[in-house]
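K.L.:
Protein chains in written order, with numbering that gives the first Met the number 0: chain E, 0 to 148; chain G, 0 to 423; chain X, 0 to 218.
It is worth saying that the hints were derived from the structure and are not from the lab.
A hint or two may mislead.
Below 30 Å or equal to it, Euclidean Cα-Cα: the simulated DSS-like pairs (lysine-lysine) are [unchecked claim]:
#	chain 1	residue 1	chain 2	residue 2
1	X	Lys38	G	Lys247
2	G	Lys274	G	Lys152
3	G	Lys243	X	Lys38
4	X	Lys193	G	Lys5
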Amino acid sequence: MAEIKNEAAFRQALDGLALADQRKAGALFVRAVLPLIEDERVAGAVEVAAKGGSDEALAAAFQGARRASIDWHTRCGAEGDWKEQAAYFVARAAAACVAPPGHVKSGNPAWQAAVNARMARTSVAIDEDGTAVRENEAQYRLLGEFLKA
Amino acid sequence: MTDRAKIAINAFKEQIDGAVSAYLSSCVHCGLCAHACLFFNETGDPRYTPIHKLEPLRRVWWSEYTLFGKLALLVGLAPKVTEELLAEWQELTYNACSLCGRCSMVCPVGNDIAGMIRKQREGMVAAGYSPDGLKGASTRAVKIGSPMGVTWKAVAAQIGHVENDTGLQIPVDKDGADYLVLMSSMEIMNYPEYLEAIARIFSEAGVSWTLSSQAFEATNSGIQIGSSDIARELVSRIVAAAEKLGVKTVISPECGHAYTALRWDGPNLIGRPYKFKARHILEVLDELRAAGKLKTEGFEEERMTFHDPCQLVRRGGVLEQPRRLVKMVVKDFVDMPEAGKMNWCCGAGGGVSAIEEAGELKLTAFNAKKRQLEAVKPDKLITACANCRIQLEEGLEENNMDIPVIGLTELLAEHLVETGKAEG
Amino acid sequence: MTTVAFLDFVRGPLFQIAVAIFFAGLFIRFVEILVLGRKTDFSEPRQSGTGAGFKTVFSRSVPEAGTFKRSAFTIIAGYVFHIGLFVALVFLAPHIALVRDTTGLSWPNLPTPVVDFATVAAIGALVAILVNRMRDKVLRFLTGFEDYVAWTATFLPLLTGYMAFHHLLLRYELMLALHILSVELLLVVFPFTKLMHTFTLFLSRWYTGSAFGRKGVQS
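Please take these sequences and the hints and turn them into a complete structure.
P.N.:
What follows is the structure in structure tokens.
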């Protein structure tokens with residue numbers, strides 16, 4: 000399979016996967032940014048997505064990850080901490096991986112996970128004043144390897 | 000009299016106009032406002048009766064602006080405004096009022112109680128009796144340009160994401176664009192999908208728009224804390240940027256009070272009409288819909304309902320547009336009881352969500368929304384204000400209700416007909 | 000002082016003083032409101048507030064559904080009282096005669112049983128309102144001395160009027176004198192209390208209706 004080099008190919012490849020594989024791919028993207036958050040619920044959700052859990056397991060993981068994203072968001076009017084906000088995006092990414100059908104925007108858990116994982120990385124960059132590490136390329140590589148396997 | 004009390008009284012006096020005087024003259028203590036108030040209804044605490052929240056303002060009006068009150072003050076029969084009173088009333092003025100305005104709609108003698116509470120905040124903040132959370136937000140807003148400390152750097156990063164994900168160009172500081180798009184810090188931090196939705200919709204509609212690096216923040220902490228000086232400073236930045244760029248319309252995002260600040264309060268804060276129009280994003284989207292420029296495909300399969308943000312609908316006048324837009328993509332739409340201009344506040348507006356001490360009260364207030372949702376049992380909840388959204392998500396989570404919340408602009412973008420999307 | 004002399008005094012000089020205080024007080028209260036004015040609104044309106052303002056002056060009298068459900072007693076008792084008071088005041092023959100004697104204006108009266116019914120209903124509603132004010136959690140909290148003064152000043156004329164008209168309890172001249180005295184009390188406290196709402200509510204409804212109306216919200 001050809002390497003994934005751009006957004007269109009990335010998106011296309013993700014759309015071509017079955018739902019269970021989409022979850023697994025999503026889990027890979029989230030794992031890459033998992034160090035940005037310390038939250039068992041989120042780590043747990045990633046595991047369930049990666050291993051392919053039952054519907055009940057997915058639902059439970061989803062509840063936990065969604066709760067985590069609410070816990071980690073910045074309260075309106077509060078002083079924003081972009082490092083903590085990274086955690087919010089990681090939680091959202093994890094929640095997307097285990098979301099029941101209908102609960103994921105654009106219908107593709109892997110894409111949502113990818114987008115949120117990128118935001119997480121950007122958040123850290125905003126906090127550190129550095130230039131954003133383009134998580135995209137890392138994700139292309141991850142997906143390429145996943146497809147080969 | 001102490002200095003702080005004097006400062007408050009002077010600020011109150013500046014706020015008392017003919018309307019306030021008519022209102023306070025007409026109140027007959029009927030108590031109807033209490034039953035229209037979210038905070039009273041959900042707690043049963045009579046101190047949260049809306050007209051009662053106005054006691055400091057009322058005392059100043061009586062003893063300074065009525066002959067009989069002045070005479071009563073002379074003979075020591077008029078109650079005074081003291082530091083103790085102000086300290087006690089801080090919670091009633093801020094924590095327990097979201098400026099939702101239901102009280103103003105039901106008062107039989109026609110009093111705009113919520114409007115008066117907004118005025119009372121001017122005195123409270125001038126004398127230093129306002130919540131720390133709002134003080135912090137206002138300071139950050141003035142110094143940094145955002146109540147949450149968001150800088151252009153963060154916005155630029157968001158822009159990078161959107162451009163990458165959609166293949167579209169986000170215009171920045173474009174002279175002569177038709178529309179200047181503003182965002183709220185909440186959206187920039189928590190709901191970055193808003194910018195992407197706008198970009199895609201505007202691209203399809205062929206709309207000429209821009210962001211401004213000088214004025215990207217729509218929210219106005221000055222309005223929430225009740226300081227016209229701060230509010231004026233913040234809105235002036237938008238006005239300056241808009242008039243410099245020569246845009247025709249400034250668009251307020253999915254935020255409640257930002258619309259009120261821009262559309263209704265702004266011109267009065269700067270003392271003159273704008274040289275541009277001020278519109279909410281939903282108004283603009285509805286105009287695009289009517290002109291055939293907003294094309295959507297497909298319908299949501301689930302049962303959905305709409306939460307009317309108070310500052311947008313009841314206090315803002317954007318009454319019809321939300322439902323017209325929702326019905327473009329939702330077949331099974333159901334309105335909750337009392338929907339529309341009498342809808343119940345989410346509980347987090349008017350600065351309440353920025354007040355940490357009000358956390359529990361805010362969650363209790365959510366029970367009104369909970370009952371409305373239980374009556375219609377929707378699968379999803381649509382709204383058009385980022386602050387409402389987070390409060391709804393928290394409240395639903397807290398009450399173990401599995402109802403995803405989605406923003407209307409985002410929902411429309413999900414169904415957008417996109418012709419020839421650029422290579423990403 | 001004999002009863003008749005008392006009655007003459009009460010319906011003569013004392014009445015004139017009370018009416019003078021009443022009108023002076025009304026004038027002062029109105030000037031106090033209007034002289035403050037309201038700043039020009041520079042925001043771009045959706046429509047002129049004028050029509051909405053007028054509409055609200057009347058439409059506020061109709062409670063919206065949710066409010067009616069939550070506060071049915073207050074609303075119903077309030078209407079029974081206000082309508083009863085209005086009927087007794089405006090459609091009782093002796094009242095119309097008084098106006099005719101002073102201004103020349105007159106209009107048809109309603110039959111005594113109708114006015115009687117309205118008066119008794121108003122009195123009953125007032126009593127119920129007072130009891131509710133003392134029992135309801137919110138009202139108990141809000142109510143103060145002024146509320147009781149206003150209630151009493153409104154109640155006494157209705158009660159004494161009914162009693163005088165039907166020659167109850169005391170000698171007619173005395174009852175009538177007490178009735179007129181109670182009206183004088185009402186006239187004198189009126190401008191100092193919330194009873195001013197009788198007139199100021201037109202202003203307050205107008206201010207709100209027009210402000211909301213220019214935003215496109217009928218309230």
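K.L.:
State for each hint whether it applies.
P.N.:
Hints versus structure:
no.: 1; hint: X/Lys38 <-> G/Lys247; verdict: holds, 26 Å
no.: 2; hint: G/Lys274 <-> G/Lys152; verdict: holds, 29 Å
no.: 3; hint: G/Lys243 <-> X/Lys38; verdict: holds, 28 Å
no.: 4; hint: X/Lys193 <-> G/Lys5; verdict: holds, 27 Å
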